[in-house]
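Visitor: First to last, the sequence lines map onto chains C and D. Every letter in the first sequence is one number past the one before it in UniProt numbering, and letter 172, counting from 1, is 172. Every letter in the second sequence is one number past the one before it in UniProt numbering, and letter 139, counting from 1, is 139.
Derived from the structure by calculation, the hints contain no laboratory data. It is possible that some hints are incorrect.
Selected chain D positions facing chain C (in silico; Cβ < 10 Å) [what the hints assert, rightly or not]:
#1 Asp8
#2 Val21
#3 Asn58
#4 Phe110
#5 Gly267
By construction, the Cβ of each residue, glycine as well, lies at the ideal position given by its N, Cα and C atoms.
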Amino acid sequence: MDDYLSLFSQYNIAAAFWITIQLAFWSALISLILGTVLALMRISPVPSFEAFGAAYVNIFRNTPLTIIILFGVLALFNQLGFTLSSDFNQNFFRMAIMGLAIYHAAFVCEAIRSGVNTVPIGQAEAARAIGLGFLPAARLVILPQAFRGAIVPLGNVLIALIKNTTVASVGSVAIEASSVMKTALEFRADIIIPIFLTFAMGFVIIVIPVGLLTTWLSKKLAVAR
Amino acid sequence: MSASVLFDSPGPKGRRTILLVNVVGVAVIALLLYLVISGLAAKGQMSPQKWASLFTSNAWLNFFLPGLASTLQAAAVSIVLSIAFGLVFGLGRLSEHKAWNWIAAVVVEFFRAVPVLLMMVFFNIFFARSGIVPGSESPFWAVVVALTLYNGSVVAELVRAGVHNLPKGQREAGIAIGLTRGQSLRLIEVPQALVAMLPALIGQFVVILKDSALGYIIGYTELLFYSRTFGAANANTLQALLLAAAIFITINYTLTKVAEWVARRLGSRGPRRSKPGEPAVVGLPAGLPGLPDTDADAGQRR
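Throw the hints in and build the complete structure from the sequences for me.
Guide: So this is what it looks like as structure tokens:
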């Protein structure tokens, strides 16, 4: 037991998860903005916007996140000298956030689009029938329902994103959970299973409330049809 | 876009506006592409020798094809094992034995919440230390076991959702002809659920294939590893990584299209439901993860 407890004084596990949460927060924010813009492009009646949104989604949804983050470090930074901050560590941290955001924006886009698809076409027809123009119809009738329909898929994207922050370790963010776990596993051969379970439980503790919250929200806000 | 919920079919004025915005959109996208390509060219990245070496027999025979073979090997073994794992634990979650049911629920929920990379890193070190597998094969089995535990848990949820979405009459008919609950599950419900979940299952293959690239981090010599090695040797890492990404995109896009095609095929079987003598056909379970419009990667439903 003492062997196990010494793990916490040897490695700053709380700090590692704090980095994980920071990575998740910023990339969730950026991917939400980027994904919303892409979703608007994909549902717009303008063919070139629609094509651009579809191409973005098909490219980034089908590329492994590992390649995207590795591309940032090896291609953009090493080969092109591209940086996002003059501070060495801060640069990799921001690059990992951008990689995560670019990848998950494709999924956010599809989540929002699937929310719009849950709105029956009769709702739009009814809105037009009572004389609402395009913007009032969108604001008062369609988007409120579309947003509620998107809660569960958006929650799933957030859960995937939190778990995927571990991939930042390949982007030279050496202080997040999976890198710290790797170091701990290498130096504390006596307790590798407890170490794994500790880090795994850390993620369970973060992820399960997010799942419960989105389920609760989606039920509370469900549109009765 | 006449079928869109947001837009009515545009009139003449609307069509003119759309055309105008479209032209502007094309111009902006073309400008963006031009800026990226000219930016790359300014750094000497568009020069022919940076790209030509990617399309030599050396590049393919010694790097990209062996890499792709290892990636596909890990993915194929993981797919088979995930389906087996998913069936066992999916049936577990449907079981009427409280204990079995509870164990399956804990296992499935746990492995869906733990990042795949965390499991890979752990199993790699665990296998190497414990000597369960030969040392050189430890990364391969770490990749396979981690992918199996996560994706198998997702498949277990697919099986469960698939059975739950069957019409209740299927089970009642099974019981009525004297089958036990377990027999009715095995012989009647699960086979139909498997057909219905096929598109979502193919979507999950995309996730497995993508996540196999995580093996790069623990030293499994897959496509990404070979691409990087090739890029380092030829000073064209950027180009080699783009090619690796293109290979992944091609395979995954094809799989996604196959999933959509299967979904349409299954969907079109719907109307035959009313025909006498036909087995009642399973519609697509609503909201299964991995269906064309949902996110296969984030395929966790709670």
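Visitor: Now look at each hint and say whether the structure bears it out.
Guide: Structure-based check of each hint:
no.	hint	verdict
1	Asp8	6 Å, holds
2	Val21	5 Å, holds
3	Asn58	21 Å, violated
4	Phe110	7 Å, holds
5	Gly267	15 Å, violated
Figure legend: structure checked against the earlier numbered hints; hints not met, in rising order: 3, 5.
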